[in-house]
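Note that the protein sequences, when read in sequence, are chains A and B.
Each residue of the first sequence is one higher than the one before, starting from 0 at the first, in numbering that gives the first Met the number 0.
Each residue of the second sequence is one higher than the one before, starting from 0 at the first, in numbering that gives the first Met the number 0.
Errors might be hidden in some of the hints.
[Said to hold, decoys possible] Simulated crosslink set (EDC-like; lysine to aspartate or glutamate; CA at most 20 Å straight-line): (1) A/Lys418 x B/Glu189; (2) A/Lys213 x A/Glu265; (3) A/Lys336 x B/Asp68; (4) A/Lys257 x A/Glu277; (5) A/Lys424 x B/Glu246; (6) A/Lys529 x A/Asp511; (7) A/Lys173 x B/Glu63; (8) A/Lys234 x A/Glu94; (9) B/Lys62 x A/Asp145; (10) A/Lys176 x A/Glu152; (11) A/Lys422 x B/Asp68; (12) A/Lys122 x A/Asp179; (13) A/Lys466 x A/Glu441; (14) A/Lys340 x B/Glu63; (15) A/Lys340 x B/Glu246; (16) B/Lys62 x A/Asp337; (17) B/Lys257 x A/Glu289; (18) B/Lys257 x A/Glu94; (19) A/Lys503 x A/Glu385; (20) A/Lys318 x A/Asp367; (21) A/Lys57 x A/Asp367; (22) B/Lys76 x B/Glu63; (23) A/Lys297 x A/Asp533; (24) A/Lys250 x A/Asp533; (25) A/Lys128 x A/Asp114; (26) A/Lys188 x A/Glu168; (27) A/Lys128 x A/Glu109; (28) A/Lys424 x B/Glu63; (29) A/Lys128 x A/Glu168; (30) B/Lys62 x A/Glu507; (31) A/Lys336 x B/Glu246; (32) A/Lys418 x A/Glu507; (33) A/Lys497 x A/Glu507; (34) A/Lys351 x A/Asp179; (35) A/Lys418 x B/Glu246; (36) A/Lys323 x A/Glu481; (37) A/Lys346 x B/Asp68.
[Stated by the list, open to error] Only part of the chain A face toward chain B is listed, based on derived beta-carbon distances under 8 Å: (38) Leu298; (39) Asp337; (40) Ala341.
The hints are simulated quantities; they were obtained by calculation from the structure and are not laboratory data.
Every residue, glycine too, gets a C-beta built ideally from N, C-alpha and C.
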Amino acid sequence: MINKKALGGKKTLMSKKSIKLLLIFLLALSMFLAGCGGKTTKETGGKKEPATSGGSAKDTLVYGRGGDSTSLDPITTTEGEAFKVTENIFETLLEYGEQDTTLHPGLAKEWKVSDDGLTYTFKLQEGVKFHDGTDFNADAVVFNFDRWMNGNEDKFPYYTMFGGYKADEGHVIKEVKAVDPYTVEFVLKRPQAPFLKNLAMSPFGIASPTAVKKFGDDFRKNPVGTGPFKFVEWKQNDTITLEKNPDYWQKGLPKLNKVVFRVIPENTARLNALANGEIDVMDGLNNSDEATVKGNDKLQVIERPSMNVGYLGLTTTRKPFDNKLVRQAINHAVNKKDIIKAFYGGKALAAKNPMPPSIEGYNDSIKDYDYDLEKAKALLKEAGYEKGFEIDLWAMPVARPYMPEAQKVAEVIQADLAKINVKAKIQSVDWATYLQKATKGEFDMFMLGWTGDNGDPDNFLYTLLDKDSIGSNNYSQYSNDELHDVLIAAQTETEQAKRNELYKKAQEIIHDDAPWVPLVHSTPLLAAAKDVADYLPHPTGSEALTKVYFK
Amino acid sequence: MAELAKNAADILVIPAEEKLTPPWKEALKSFYKNKLAVVGLGIVLFFIVIAIIAPLVAPYGFKEQVLADRMQAPSSKHWFGTDDFGRDIFSRILYGARISLWVGFFSVLGSVVVGTLLGIVAGYYGRWVDAIISRVFDVMLAFPSILLAIAVVSILGPSLRNALIAIAVINIPNFGRLVRSKVLSVKQEEYIMAARAIGMKDSRILLRHILPNSISPVIVQATLAIATAIIEAAALGFLGLGAQPPEPEWGKMLADSKNYITQAPWTLFFPGVAIMLTVLGFNLMGDGLRDVLDPKMKQ
């Protein structure tokens, strides 16, 4: 690190001790001043440069975020950074409400469900064009669904929302057909209660068939949809640029001319960039920085409605977590309250279930595993691990909405586990590899989380813990047939009260089996420049920037 | 200039007594005359003592988290304040001295042993042996040292032990070259020729005559290299490639708290000062040793 020239340079100074002493003194002085300087800049920092931005009407929004997208073809991934961008390029048949998961018309302007819950008919918007100039119509919808259902978990992981792929027994869609150019009919094999909510999820954005055929596998780098913004350029791990779609079918929108998604991995560095006016909006604000943003009159804090869970996954196929008692012991050993106080600024709920309480069907009667080291030790003893064991604890390398500081939380858990003689070595790897390894069940113990996509319990319990989801989002490789039956029954049941009962039952099973340590339901924070208006964060974690503008 | 002349005069006067004092005593004496070197030695000894008695004097454990007390400013309860896990920074600095000195000492020891061996072999046997060893050194020196260290760690996997190995590896060529050049000149001395003439074995010549006569620059270089090694260990720790949490390595402590520079500057200040002081200590001591052991430098 130190360069040899510097050392060599000292030789000539050797005899001149006074110069050397002076240098040392200066060094010490500068260190001291640097140390003190920290405090003073904190006080004045907010008012330092109030005149950098402003001037002519701004219409380019720079969005700073922690990680790059893994793909821009939304169906090929389950990862949130991808959807933040694709929400702006693609549209779905149905859309959610601005800040909730109620259903609204999207590319389909109206829809009808048959009494037996097996046939769904959609009337499509007319006169909508894809960015490449081709028409959006019923054939395009059929093309997209055919493409997805003929794929597999590797290619289109999220399509498991519909129970599997074409050849699978669990697949709920029997047929998708174009009745006329602007009418599409879905025929199901069995009723699926969350079917409409699923259709509105970001991964099911309708892509241009012409472009999909043209680009083939490269479509993930050349997305073409009907959304308010067109894709311009993707510089890996740096920026993704979108520009206004001038022919957007909703007149007068979008209000911005250009959107740039910029990757700045460090939360604090991103905040600095925001304070300097390099970016206009950032997500992944550390709770500990909330006060800094509030104290800066150029900036504003935006809270995202909470619909997530951050958890510690225990891979149930690996020793020693194949033993239920060990998993329960770990549940007793983690002090969630302290974690929330320290790294969520107290702004999170301790989780006891794998789904957040804002979602219907939440089982509040479940009693969480209390923080009790004696119980944990007793359970380990019963399981035959009295002397403890060593494992790897993996922590996300990037800030996630459900966990802005995963490495730090991991260190707290490491210290907690040490108290019951479980030695955890903290590991990390880049985000894409992290998810890959988690999918394959290569971690002993890992930090992860989930932001709901459609506000349905199915999207938490079935998506994250059903045996069908092993290989996609069931990272702890948890397989339980009893749970599977309950979850499938809940999917098929169309009466909401009965569904809720089934989901409550499911949460009991999961609680007892403990494939996770549910940690928190967080309220993710964003920060933006004061002049950014109408930025409405969606509970699903990604939102189109259609209505955002600069004051 | 006047001072130099005076020194020269001293040297000229001394020879009468020199016969009586053994050379190491003479060396020690001139080392003590160099006040900065003594200060350096003092700092180094201070940190060594700290490292040894850390468990006795540290008021808290280095991994003892009290989340309720996170990021407290220095106070009588926590002399250096607490970090973002509510751990006592003073205690962590004390324990951290163990890590830094351990890495500094053993990585340099490793590179000295390997480097000296290779250097002696290259210098003494010359020809193709020398060519191969020297070219390997050249290749290694062509990389910026920290880059090479990162490469080694990424092959071995991040951990403190592997960081130590990496630092040892990158410093091998420095010692190798030094020893080689010294051996080249010592080899020509008459006493070596004499030893050869009476039929002494190569191994004996190397170990009993060449090695002792080539080692003094190595000692100087090693002291200075410990300083560099401590910085390199801190750099690797800072990059997350060295010490792993919760080990209280100073570089890692800097990295962990860099986000809080405005809220809690003490979390960075003290580890930074600790690194600076130890490195300064070894550098001053090394410079002093060079004055003593390397006669050429005196002129």
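Q. Of the hints given before, which are not true for this structure?
A. 1, 2, 6, 7, 8, 9, 10, 11, 15, 18, 19, 20, 21, 25, 29, 30, 31, 32, 34, 38
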